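S.K.: Going line by line, the protein sequences match chains A and B. Add 222 to a position in the first sequence, counting from 1, and you land on the number used in the numbering used here. Add 106 to a position in the second sequence, counting from 1, and you land on the number used in the numbering used here.
No wet-lab data here; the hints were simulated from the structure. From a predicted model like this one, the values you see are computed outputs, not experimental measurements. Here a beta-carbon is modelled for each residue, glycine too, at the ideal position from N, C-alpha and C. It cannot be assumed that every hint is accurate.
Each pair of labels, with its calculated beta carbon distance range [said to hold, decoys possible]:
hint	chain 1	residue 1	chain 2	residue 2	range
1	A	Q650	B	P162	36 to 42 angstroms
2	B	R182	A	P568	55 to 61 angstroms
3	B	G221	A	D569	56 to 62 angstroms
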Amino acid sequence: MSSPLGSLLASGQPPRRAGVIAALFAVALSTLIVYPLAQVAPVASLSVVYLPAVLVLSVTWGAWLGIGTAILSAAAFNFFHLPPVGRFTLHNSSNWVALAAFVVVASLASSVAEVTRARTRDAEERRREADLAAEMARLLLRGDDLAEALPTAASRLAHTLELSSASIEMEAVEADERSVAFPLREGTRRLGTLLVGAGTSEANLRRLQERVVPALEALLSAALERETLLGGVVETAALRRADTVKTALLRAVSHDLRSPLTAISAAGEAVGSPSLLPEERAEMASVIQEETRRLARLVDNLLDLSRLEAGAAEPHREWTAVEELIRAAVEEVGAPSGAFALSIDPDMPLVSVDPVQLERAFVNVLENAQRHSGGHPVSIRARAVRQLSAARAPAGAGGAGRQEGSRPTGDRVIVRIVDRGPGIPPAQLERVFEPFYRAGTPGGGHRGSGLGLAIARGFTEANAGWLHVESLPGQGATFVFELPLGDPAA
Amino acid sequence: MSVHDSTESQRAPRVLVVDDEPQIVRALKVLLREAGFEAVPAETVSEALDLAAVRPPEAAIVDLVLPDGDGIELTRSLRAWSAMPILVLSAVGEEEQKVRALEAGADDYITKPFGARELIARLNAALRRAARGEDEPRIEADGLEIDLAARVVRRDGQPVHLTPIEFDLLRTLARNRGRLMTHRKLLAEVWGAEYVDDVQTLRTHIARLRAKIEPEGPAGAAGGHRLIVTDPGVGYRFAE
Chain A
223 MSSPLGSLLA SGQPPRRAGV IAALFAVALS TLIVYPLAQV APVASLSVVY LPAVLVLSVT
283 WGAWLGIGTA ILSAAAFNFF HLPPVGRFTL HNSSNWVALA AFVVVASLAS SVAEVTRART
343 RDAEERRREA DLAAEMARLL LRGDDLAEAL PTAASRLAHT LELSSASIEM EAVEADERSV
403 AFPLREGTRR LGTLLVGAGT SEANLRRLQE RVVPALEALL SAALERETLL GGVVETAALR
463 RADTVKTALL RAVSHDLRSP LTAISAAGEA VGSPSLLPEE RAEMASVIQE ETRRLARLVD
523 NLLDLSRLEA GAAEPHREWT AVEELIRAAV EEVGAPSGAF ALSIDPDMPL VSVDPVQLER
583 AFVNVLENAQ RHSGGHPVSI RARAVRQLSA ARAPAGAGGA GRQEGSRPTG DRVIVRIVDR
643 GPGIPPAQLE RVFEPFYRAG TPGGGHRGSG LGLAIARGFT EANAGWLHVE SLPGQGATFV
703 FELPLGDPAA
Chain B
107 MSVHDSTESQ RAPRVLVVDD EPQIVRALKV LLREAGFEAV PAETVSEALD LAAVRPPEAA
167 IVDLVLPDGD GIELTRSLRA WSAMPILVLS AVGEEEQKVR ALEAGADDYI TKPFGARELI
227 ARLNAALRRA ARGEDEPRIE ADGLEIDLAA RVVRRDGQPV HLTPIEFDLL RTLARNRGRL
287 MTHRKLLAEV WGAEYVDDVQ TLRTHIARLR AKIEPEGPAG AAGGHRLIVT DPGVGYRFAE
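Assemble the whole structure, with the sequences as input and the hints as a guide.
M.R.: The following block contains the structure:
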């Protein structure tokens, strides 16, 4: 089929009135063409001149207009060309036969063209539906969020089927006066509803019901299945992560509890050695004391961590002097004098925190700083920051209504703990607060349990504070506590 | 001072102690000296390799977890040039690493926390084994006689019939008396490298072998076997 005819066939049916005008025009034109041809050929054989017009009209406007054109052509041929010209009667009976044959052939041709036209239109419709189904499958099955993909899919559907509106709902929706509802089901399970505008034609409604709805049902069912499976995958991944944490916990506990136990047990046996020198006896005693303290600290840390993870670390707030907390923490760490250099502003305001939790947080950060400081003193600086009155946040807003883990914005106390150790690579800055994370400590030395910083951050945040670390590799690390002033509970 | 210094002309055997826990090392130093050894402490893999290269020790005690690597690597590096006994220190939960250390060439492992007596006993056993070598033509243990050259086994003087594979298994275990042989090591030596994961086969043959050679009467501690001792999840060891 040639392309102009193809495009004629493919397009929908043009208005009927235009068809009638075209038929009249085509018949008139054919009649005119017969005049010169009649000079060179027998007139009776020239009825074929009308056939192209009949074919084109039936292909474009359907068989009825084709047949009408055929009859009109026969009448015009008879009237203008077959003798006696100017009348509808005929002299010669053979001319009747020719005329009748023309009408029959033209009508048949019209019908055949009509069938072809219908088939082409059908094929075109199917092609569009297939395109639509593929597009919907892409939208519904590949997206991350089914609910987000539905409006796009519905608008594609409306566009392709030339509907005034369409929407796909994931629930049972009743039709109202402005819409027609198609329930979408899988077996007996209701998946959702397809709503289309109330002005949709009967033919389109039938087409929706027969061909679009079943495809949509299958797609939606697959999409829902996929979402469920994806949810399962996410859940599995979360469980696996939790499992990894538990395994890390077991390993850490196993190793960290056993090391001090081993030292204590070995030192205990060594004390019984007959060849023990007096200074060795003192050394073994200090091993036992130090390792016992380490063991106790580890048990404390584990309890703190499990309390934090269980959300059971409710702070018991008291008005507390930050300076006292810091000095108590330094003492608790039990470092030789000179290990910490304190610089605390005079007249520091009190903060409303749980002193036990905050002291634990300071102890853990101080121990960590000392461990990584390579023997250099660790400096501790504390000061209060007050906003200008214009910029001041509403009273107490530093704590109340703020999300945990975010930085206080109002009046606050800032404590900076600065070590001169190797620093922390940028990629590990946040990881140091993860439980069981241990930064590599080149040159060895006493390693921590990998719990201290996680606990410090947990307790600080439970008290509406904020703890983070700043560091440039090779230039030491600075842990910064920020505690809101005012009463967060107010 | 120590007994060894005054009575023996030869120096105390040197034991490389690789652990980054200074407290454990301090205590081990006293305990080893008491047992007649000289402890050479090292905190890291690189320090241990340096010390071992400068003055090769007679044995090494290696912690599995070290700051700049692990005991497995260190074992492999030491094993590359030395046949000295290597004991690894491990904790429960480090089973996999323990097996890997044994496969890397460690002779035995001790679980933390350990008793000093056990550590010294294992160390002495490993040293004896190293001194003895693997050239004994005849091995006797608990009424069992194994003539390796003639491939003959006798239980209380009566010949015991073993299949070739059972004999090979017994020979491999007996020639490494007291040494913990991992499943993979036994499978590789007796069956070949392609069978290293076939632990079930090994179990079956061990059971048959035990039925033929283990002495009658009360079993060892906790109902275990006296000649071929199981180390659950790790391997087997032939009684010292």
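S.K.: When you take the CB atoms of A:Q650 and B:P162, is the distance between them in 36 to 42 angstroms?
M.R.: holds (39 angstroms)
S.K.: Okay, B:R182 versus A:P568 on CB: inside 55 to 61 angstroms?
M.R.: For B:R182 and A:P568 the Cβ distance comes to about 60 angstroms; the hint holds.
S.K.: Taking the CB of B:G221 and the CB of A:D569, does the distance hold inside 56 to 62 angstroms?
M.R.: Since B:G221 and A:D569 have Cβ atoms about 58 angstroms apart, the given range 56 to 62 angstroms holds.
Checked against the numbered hints above, the structure breaks none of them.
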